[in-house]
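> Single-letter residue listing:
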Amino acid sequence: MNLLDIRNLSIELISENKNILAVDKVSLIMKEGEVRGLVGESGSGKSLLAQAIVGVLNDKWKVHADRFHWRGVDLLRLSIAERKALISRDIAMIFQEPMACLDPTTTIKNQLAEAIDTSSLTGFFWQKQRQRNEAAIKLLHKVGIKKHNACLNSYPHQLTDALCQRVMIAIALARRPILLIADEPTAAMENTNQGQIFRLLASLNQLKNMSILLISHDLENITHWTHKITVMYSGQFVEAGTTEQIFKNPLHPYTKALVDSSPSANIELPAKSRLMALPGTIPILQHLPIGCRLGPRCPRAQQACVQAPTITSFHDHKVSCHYPLIPTKAKRKAIKEVC
Amino acid sequence: MTELLKVEELSKSYQQKGFWFKKKVTIALEPISFSIEAHKTLAIIGDTGSGKSTLAKLLVGAEPASSGHIYLNGKKLHDSSYKERCQHIRMIFQDSGTTLNPSLTILQLLDEPLKLNTTFNEKKRQELIRVTLQQVGLLGDHMNFYPHMFSGGQKQRISLARAIILQPQVIILDEALAALDPSLRSQMINLLLDLQQQMGLAYILISHNLGIIRHFSDEVLVLSHGKVVESGKTMEVMNKPQHKVTQRLLMNQNFQLRSRTVK
Chain P
1 MNLLDIRNLS IELISENKNI LAVDKVSLIM KEGEVRGLVG ESGSGKSLLA
51 QAIVGVLNDK WKVHADRFHW RGVDLLRLSI AERKALISRD IAMIFQEPMA
101 CLDPTTTIKN QLAEAIDTSS LTGFFWQKQR QRNEAAIKLL HKVGIKKHNA
151 CLNSYPHQLT DALCQRVMIA IALARRPILL IADEPTAAME NTNQGQIFRL
201 LASLNQLKNM SILLISHDLE NITHWTHKIT VMYSGQFVEA GTTEQIFKNP
251 LHPYTKALVD SSPSANIELP AKSRLMALPG TIPILQHLPI GCRLGPRCPR
301 AQQACVQAPT ITSFHDHKVS CHYPLIPTKA KRKAIKEVC
Chain D
340 MTELLKVEEL SKSYQQKGFW FKKKVTIALE PISFSIEAHK TLAIIGDTGS
390 GKSTLAKLLV GAEPASSGHI YLNGKKLHDS SYKERCQHIR MIFQDSGTTL
440 NPSLTILQLL DEPLKLNTTF NEKKRQELIR VTLQQVGLLG DHMNFYPHMF
490 SGGQKQRISL ARAIILQPQV IILDEALAAL DPSLRSQMIN LLLDLQQQMG
540 LAYILISHNL GIIRHFSDEV LVLSHGKVVE SGKTMEVMNK PQHKVTQRLL
590 MNQNFQLRSR TVK
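Chains as they are written, first to last, in my numbering: chain P, 1 to 339; chain D, 340 to 602.
Don't take every hint at face value.
[As the list claims (entries may be wrong)] Cβ pair distances, simulated, as ranges:
#: 1; chain 1: D; residue 1: E347; chain 2: P; residue 2: G144; range: 55 to 63 Å
#: 2; chain 1: P; residue 1: T105; chain 2: D; residue 2: T457; range: 45 to 53 Å
#: 3; chain 1: D; residue 1: H487; chain 2: P; residue 2: R7; range: 36 to 44 Å
#: 4; chain 1: P; residue 1: H315; chain 2: D; residue 2: V470; range: 46 to 54 Å
#: 5; chain 1: D; residue 1: D533; chain 2: P; residue 2: Q302; range: 27 to 35 Å
#: 6; chain 1: P; residue 1: T106; chain 2: D; residue 2: H487; range: 33 to 41 Å
#: 7; chain 1: P; residue 1: K147; chain 2: D; residue 2: Q447; range: 48 to 56 Å
#: 8; chain 1: P; residue 1: K18; chain 2: D; residue 2: D533; range: 39 to 47 Å
#: 9; chain 1: P; residue 1: R175; chain 2: D; residue 2: Y421; range: 55 to 63 Å
#: 10; chain 1: D; residue 1: N412; chain 2: P; residue 2: L207; range: 56 to 64 Å
#: 11; chain 1: P; residue 1: N8; chain 2: D; residue 2: D533; range: 37 to 45 Å
#: 12; chain 1: P; residue 1: Q302; chain 2: D; residue 2: K462; range: 25 to 33 Å
#: 13; chain 1: P; residue 1: S42; chain 2: D; residue 2: V568; range: 33 to 41 Å
[What the hints assert, rightly or not] BS3-like cross-link-like pairs, simulated, lysine-lysine; straight-line CA separation at most 27 Å:
#: 14; chain 1: D; residue 1: K414; chain 2: D; residue 2: K379
#: 15; chain 1: P; residue 1: K109; chain 2: P; residue 2: K138
#: 16; chain 1: D; residue 1: K579; chain 2: P; residue 2: K272
#: 17; chain 1: D; residue 1: K415; chain 2: D; residue 2: K566
#: 18; chain 1: D; residue 1: K379; chain 2: P; residue 2: K272
#: 19; chain 1: P; residue 1: K272; chain 2: P; residue 2: K25
#: 20; chain 1: D; residue 1: K345; chain 2: D; residue 2: K363
#: 21; chain 1: D; residue 1: K345; chain 2: P; residue 2: K272
#: 22; chain 1: P; residue 1: K25; chain 2: P; residue 2: K60
#: 23; chain 1: P; residue 1: K272; chain 2: D; residue 2: K572
#: 24; chain 1: D; residue 1: K415; chain 2: D; residue 2: K379
#: 25; chain 1: D; residue 1: K566; chain 2: D; residue 2: K379
#: 26; chain 1: D; residue 1: K583; chain 2: P; residue 2: K146
#: 27; chain 1: P; residue 1: K228; chain 2: P; residue 2: K272
#: 28; chain 1: P; residue 1: K138; chain 2: P; residue 2: K128
#: 29; chain 1: D; residue 1: K572; chain 2: D; residue 2: K414
#: 30; chain 1: P; residue 1: K147; chain 2: D; residue 2: K583
#: 31; chain 1: D; residue 1: K356; chain 2: D; residue 2: K566
[To be verified] Which chain P residues stay away from chain D? Per the calculated CB distances, all over 12 Å, these:
#: 32; residue: D5
#: 33; residue: K25
#: 34; residue: D103
Treat the hints as calculated values from the structure; they're not laboratory data. Each residue gets a CB set at the ideal place from its N, CA and C atoms; glycine is no exception.
Sequences and hints are given; from them, build the entire structure.
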């Protein structure tokens, strides 16, 4: 069964004169036990999408979708209280800049204890405090912190970035979520620490069968860890497929540009040669182009691109483009041989 | 080719104030020597606290060095020679948005270094600003705009314009590419490479994206806890890392590369 099934989700920003469509008909399907990457440059609406899933957008935003199912339950039909109960039981989220997300005025111990569900504690009221502490220590062990006492008694500013992120993951794990949404968990982190966090997430995925939605702005950073990738650009759906498909055989000109523009993805590239780059900059929300939003920057744009393209599927490899880069027979054969 | 910038035994240590018997000395950077030629790029990599940014600060003269000498074109730079330094060694920072004064137009921003360092009249200065803006891929008319009217990538171009407007010889890029989106980043790399060809600039690139370093730099310097643990030609170091620190750094980024080439 699909864990999360979103079809044609749109998010509108309500403003005085005209509503701005920040996310335009994005579809996302997640299966159980899957690590899915959600890739897009700044302003592509990936964080908005995550916030819409968790349901923390305020009144300024209007969300509507053709389908918005969480394990078969239509989230948009539930009342706010019911939805909150369901989401808080099943979904957890971690953010970028863990240092800023933790409460600086209290110790890690209190923050962890707060996240532990009281109903999971069995025992008389005088035993509960001890049980809560034990549960907190267990959580820290789960995320690979061995010196639990030192960590529990310190304040967030006394810990490093990577440790703070581990604590955040521990808090997220407290209610044993089915889906973990990681919104750029390693932004502004050193490489060594990035590797640690990703490895932790991967082991949680394998051992606990926890699904992870990994949001990142950089394609090359997350490819090693994901099964499937969804690419977004400026609030529109671009391409979705397995990591292999996206990398070996990108169908959308934007995905191709992303893959080509990363120097570490092209080892054969001679040093100091020019990199492939799209002209222009990412459009701002107030001046979005009509139709396909990549249009003005796209090397393959033609007249039809003033209309938004529909999603076409090639062997479960979905792309939203009028002129996808379908490989010729000879090239397909070459790709097969490489594989 | 002659050396453009030469650094000999440069080091930095901080002294914490206290009584004489409680005095504590923290060494941020142990003596380091290297040299760089025109048209070349030197990359510096290392973990946090390894002294990368300290080295950059010493080179531009934002902080006085504890010991050692810097030679530019064979001429020694003194601690107080700010004028020469800010003409020939310029720096670009990570977050370009916060380094541009929001209350000044681009014209005023770019005018400042010219006013302080050259004797050009107003007309000549405006002409130069126009040409420089075009050089970095913006329009000359952009000079009347304020920084908030530009996107992140354009702001980074403006800081690049501010760096090259005095015709420097060395530009230090302190994580200047890290905060940019991938498609803008490759635009920026292309621009930097073009400028290097045209003007014969030498870059000192501080970054932790090894893909960019491999593509961009000729030589690399690996720092760890203020010490140089490895240095040499980029290709040699990347292909055969000798030191433990370099190997660990490479391993953390090379997963995906290896897994994709093997398949």
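> Are the hints correct? Go through all of them and say.
Here is how each hint holds up against the structure:
no. : hint                        : verdict
1   : D/E347 / P/G144: 55 to 63 Å : violated (44 Å)
2   : P/T105 / D/T457: 45 to 53 Å : holds (52 Å)
3   : D/H487 / P/R7: 36 to 44 Å   : holds (38 Å)
4   : P/H315 / D/V470: 46 to 54 Å : holds (52 Å)
5   : D/D533 / P/Q302: 27 to 35 Å : holds (30 Å)
6   : P/T106 / D/H487: 33 to 41 Å : holds (36 Å)
7   : P/K147 / D/Q447: 48 to 56 Å : holds (53 Å)
8   : P/K18 / D/D533: 39 to 47 Å  : holds (40 Å)
9   : P/R175 / D/Y421: 55 to 63 Å : holds (58 Å)
10  : D/N412 / P/L207: 56 to 64 Å : holds (60 Å)
11  : P/N8 / D/D533: 37 to 45 Å   : holds (43 Å)
12  : P/Q302 / D/K462: 25 to 33 Å : violated (46 Å)
13  : P/S42 / D/V568: 33 to 41 Å  : holds (35 Å)
14  : D/K414 / D/K379             : holds (19 Å)
15  : P/K109 / P/K138             : holds (12 Å)
16  : D/K579 / P/K272             : holds (20 Å)
17  : D/K415 / D/K566             : holds (24 Å)
18  : D/K379 / P/K272             : holds (10 Å)
19  : P/K272 / P/K25              : violated (40 Å)
20  : D/K345 / D/K363             : violated (30 Å)
21  : D/K345 / P/K272             : holds (23 Å)
22  : P/K25 / P/K60               : holds (19 Å)
23  : P/K272 / D/K572             : holds (14 Å)
24  : D/K415 / D/K379             : holds (21 Å)
25  : D/K566 / D/K379             : holds (23 Å)
26  : D/K583 / P/K146             : holds (24 Å)
27  : P/K228 / P/K272             : violated (32 Å)
28  : P/K138 / P/K128             : holds (15 Å)
29  : D/K572 / D/K414             : holds (26 Å)
30  : P/K147 / D/K583             : holds (26 Å)
31  : D/K356 / D/K566             : holds (24 Å)
32  : D5                          : holds (29 Å)
33  : K25                         : holds (22 Å)
34  : D103                        : holds (24 Å)
Of the hints listed earlier, those the structure fails to meet are numbers 1, 12, 19, 20 and 27, in rising order.
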